[in-house]
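**Student:** Using the sequences and the accompanying hints, generate a full structural model.
Protein chains: 2
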Amino acid sequence: MAEEKLPNWLKNRAHLSPDRPAIEFEGHTYSFLELYTLSEKMAGRLSSIGLGAGDSCAVLLRNHIDGVVVIHALFHLGVKIVMLNNKLTAKELSWQIKDSKTAYLVSEGSFSGKLADIGEILPDLKLHLMEELPEEGTAGVLQEFYLEDTATIMYTSGTTGNPKGVIQTFGNHWWSAVGSVLNLGLHEEDSWYCAVPIFHISGLSILMKNVIYGMKVVLAERFDEREANRSIQENGVTIISVVTAMLNRMVQDMKGTSYPKTFRCFLLGGGPAPVHLLEVCKEKGIPVYQTYGMTETSSQIVTLAPEYSMAKIGSAGKPLFPSQLRIEKDGTMCEPGAVGEIVVSGPNVTKGYFNRMDATQQAITDGWLYTGDLGYLDEEGFLYVLDRRSDLIISGGENVYPAEIENVLSTHPDVFEAGVTGTEDEKWGQVPLAFVVLHQGAELGESELLEYCKEYLASYKLPRNVIFCKELPRNGASKLLRRELKKEMGEWR
Amino acid sequence: MAEEKLPNWLKNRAHLSPDRPAIEFEGHTYSFLELYTLSEKMAGRLSSIGLGAGDSCAVLLRNHIDGVVVIHALFHLGVKIVMLNNKLTAKELSWQIKDSKTAYLVSEGSFSGKLADIGEILPDLKLHLMEELPEEGTAGVLQEFYLEDTATIMYTSGTTGNPKGVIQTFGNHWWSAVGSVLNLGLHEEDSWYCAVPIFHISGLSILMKNVIYGMKVVLAERFDEREANRSIQENGVTIISVVTAMLNRMVQDMKGTSYPKTFRCFLLGGGPAPVHLLEVCKEKGIPVYQTYGMTETSSQIVTLAPEYSMAKIGSAGKPLFPSQLRIEKDGTMCEPGAVGEIVVSGPNVTKGYFNRMDATQQAITDGWLYTGDLGYLDEEGFLYVLDRRSDLIISGGENVYPAEIENVLSTHPDVFEAGVTGTEDEKWGQVPLAFVVLHQGAELGESELLEYCKEYLASYKLPRNVIFCKELPRNGASKLLRRELKKEMGEWR
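Sequence order for the protein chains is A and B. Using UniProt numbering, the first residue of the first sequence is number 1, and each one after it goes up by one. Using UniProt numbering, the first residue of the second sequence is number 1, and each one after it goes up by one.
It is worth saying that the hints were derived from the structure and are not from the lab. Take these hints with a grain of salt, some might be off.
[Stated by the list, open to error] A few chain B residues facing chain A, derived, Cβ under 10 angstroms: (1) Ser17; (2) Leu182; (3) Asp190; (4) Lys318; (5) Val343; (6) Gly346; (7) Gly367.
Positions of the beta carbon are idealized from the N, C-alpha and C atoms, including for glycine.
**Tutor:** Okay, structure coming up:
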């Protein structure tokens with residue numbers, strides 16, 4: 001088969017619909033032609049520091065028009081982008097940069113503190129602030145994107161500890177956008193609100209839809225429920241991507257007001273939604289599409305359409321058109337109602353983890369991704385997700401991986417072993433809770449241990465509490481049973 | 001690259017949105033689940049006559065729900081479909097069946113006359129009427145379609161005489177549908193009116209969109225302007241595919257009435273539209289999207305959006321998102337405004353002609369299809385098509401190929417040589433006109449020669465007149481100059 005290729009997305013969009021609004025940011029609207037012109041100029045500046053086709057480059061960016069421009073500029077040059085989570089610590093970021101084997105980091109002055117620390121950890125890294133790039137430079141802009149080529153790498157953990165770089169090809173992003181449009185449809189007046197991070201697949205997938213659909217995106221540097229509501233009520237926003245906490249805050253903020261008829265939907269991801277919130281939305285006539293997806297599926301892969309939102313409350317829905325889904329237990333397909341591992345396939349699914357043959361082979365068989373998540377299908381084929389990853393903690397929409405925190409705790413000289421699980425939290429949904437077994441005779445206090453963690457972990461990953469105990473629950477193969485921790489937590493409360 | 005595959009379109013659609021309306025035909029609406037159930041049963045009946053994966057089967061069908069069912073049933077079985085034009089003569093059809101190397105023809109009783117003749121010409125053909133298939137039969141339904149696999153073969157001529165079978169893969173159909181949705185958008189309430197033949201790419205592409213989008217299609221056995229207008233005005237149709245003659249008749253029929261706001265557009269194909277008709281539409285507020293496409297591009301590949309319909313009147317627009325376009329003359333790209341051959345590429349473009357290596361290599365280079373059509377781009381990249389194929393005659397929306405008629409004329413024993421061109425006709429747009437040079441001393445009359453043609457040519461291909469002359473205009477390489485015939489025609493008038 002000839003390798004499938006498509007004309008460079010933003011360049012093509014600027015040719016097909018130059019005058020349409022592309023991005024609205026801080027009150028200014030950039031047309032597709034303007035966005036392309038900025039990105040072409042930025043490509044020239046980036047090429048002058050040595051970046052070119054086949055290179056990879058890490059980026060540490062805010063949700064900002066300049067960040068959007070940098071992303072497209074790197075695509076123009078044929079540079080693979082390692083999307084860094086700007087909430088991580090310098091140590092975490094350095095680990096990912098090193099693992100991704102990229103020689104470049106492009107960022108901005110607002111992260112100067114972290115950047116200085118990264119520079120110390122990785123003295124050979126070519127670290128550039130976008131504000132300080134040479135003003136002039138010309139570069140050839142890729143005419144076409146090959147769908148098989150890597151567009152982005154995003155780090156995600158899992159239960160095995162070290163984060164893994166998920167490879168997302170242009171094809172993965174393309175098919176994700178196409179699968180979504182065949183589900184949500186596309187209206188001329190569509191305008192998508194993006195207050196989720198563009199370094200996450202939730203935000204990046206909106207930027208891909210932006211150029212593929214020729215659809216306006218309203219970009220917010222940070223989420224504010226009043227501003228988001230105002231954008232829907234007064235500024236023509238028709239679709240907004242949210243996690244539960246955002247939806248909750250927006251619904252609270254609405255009070256007596258309502259959304260205009262032109263508003264199409266909340267696209268709700270980042271973990272299961274509490275039923276009572278969905279019921280409130282139904283009552284108020286707020287359309288919510290629940291979704292299920294992950295970095296490895298380049299955004300949503302299963303979505304519940306609003307026509308089913310009450311009859312199938314709590315369900316994540318059915319797969320997008322190009323994708324498939326099954327539930328497996330011990331190597332066989334489960335009957336409806338029976339719980340098993342969620343297994344997915346489709347052209348939006350990653351081909352694997354960067355430089356991790358083993359992890360890739362473990363997760364993907366014949367194009368089917370074993371998500372590690374548990375769930376079941378009802379008689380009509382609707383998916384119910386029981387645990388987003390068996391042990392994953394979702395805190396304020398961020399994935400928090402217990403193993404990562406456990407690894408840090410375990411590095412403290414006084415700690416024998418550690419187990420982490422999530423506990424309910426009104427503000428963040430969940431927060432981590434640590435169970436720690438100290439070495440015999442060691443004396444370590446909770447606050448001292450948490451202080452230690454701060455050096456290695458972003459604040460949202462810090463355990464709310466440390467519970468010291470004599471041993472951790474383990475199964476026959478000595479594998480930590482995190483579910484048992486929850487039971488112990490109940491007793492501890 | 002792993003071969004891309006997608007879940008069986010109709011089966012998947014019946015799973016994802018079983019209760020949505022799929023096809024409305026003669027007042028009855030079939031849901032996607034009903035359509036799938038019918039097609040699954042039909043697959044069983046077709047398998048009982050020996051059809052199975054890897055076979056090919058010709059079909060001779062009307063625009064009818066049963067025809068739609070047969071098409072999906074053959075897809076379920078993994079059978080390649082040779083789509084026959086039901087307006088052709090038995091001889092023409094037999095030629096195509098033989099050329100396609102298919103052993104099977106599935107048709108219906110309403111074509112019994114033609115079928116009897118075909119049976120005589122091809123005594124070994126396994127010819128079956130769908131009404132007389134065994135009632136029972138079970139068959140495995142394909143779970144997935146590989147995008148590289150051939151879905152359909154459609155015959156088209158060209159200037160070289162014999163028709164060629166255009167290979168259309170599942171991928172070609174898929175990308176055509178996706179390219180269109182990224183241009184037209186997709187609304188929940190969309191309903192597409194199909195009165196163009198389903199054996200043409202114009203109609204078949206609507207059936208593909210039907211299952212890929214999960215969008216309702218209103219199918220008409222034949223075009224009637226009053227019925228089409230009624231469907232838009234009273235029956236919720238939002239999009240209709242037309243050729244100029246259909247649009248003209250519908251606009252005439254509207255008189256003082258208007259279309260509802262929910263009506264989205266006429267998709268106008270099948271050749272350039274007269275400017276005065278477009279102006280009338282603009283005046284009446286009728287949205288018309290002009291398009292350019294062909295069997296080889298699996299439907300439209302260039303489309304003019306209505307926002308440009310007046311500023312760019314007469315233009316076919318810009319390529320669909322996944323496709324590309326350039327104008328070439330003597331191997332180099334033309335500047336804006338300069339006329340050259342229209343060359344297109346994209347994942348909707350055929351990989352070639354069935355069993356015609358030479359024709360394929362002549363038409364396609366590095367994935368770029370040389371259309372044989374002449375045109376130019378303006379400064380902004382909008383395409384203007386000058387001749388739909390340099391010599392093609394479009395009669396009532398049907399392609400009529402001069403070379404094919406010339407071939408028939410030339411087989412008459414009294415004819416030395418023949419040239420055919422089109423002449424304007426109020427009813428059909430164009431009709432063929434023949435210029436014939438007789439052998440020395442031969443005496444043959446116009447009506448006698450036309451009578452002879454009737455045996456070999458569908459009625460819409462019959463020349464309106466035969467003009468006897470002493471010689472035909474030819475260029476230095478003895479190639480017939482059909483453009484010169486038009487000049488002679490002027491003198492003859």
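**Student:** Take the hints in turn and mark each one as holding or not.
**Tutor:** Each hint, compared with the structure:
1. A cut of 10 angstroms between beta carbons decides the hint on Ser17/B: the least distance to chain A is about 8 angstroms, and the hint holds.
2. The criterion of a C-beta within 10 angstroms of any C-beta in chain A is met by Leu182/B, whose closest approach is roughly 6 angstroms, and the hint holds.
3. For the restraint placing Asp190/B at the interface with chain A, the shortest Cβ-Cβ distance is roughly 8 angstroms, inside the 10 angstroms limit, so the hint holds.
4. Hint status for Lys318/B relative to chain A: holds, with the closest Cβ pair at about 5 angstroms, below 10 angstroms.
5. This hint is violated: Val343/B has a C-beta 14 angstroms from the nearest C-beta of chain A, more than the 10 angstroms allowed.
6. With its C-beta approaching chain A no nearer than about 8 angstroms, Gly346/B sits inside the 10 angstroms limit, and its interface hint holds.
7. Because the closest C-beta pair between Gly367/B and chain A is about 6 angstroms apart, less than 10 angstroms, the hint holds.
Checked against the numbered hints listed earlier, the structure breaks hint 5 alone; every other hint is satisfied.
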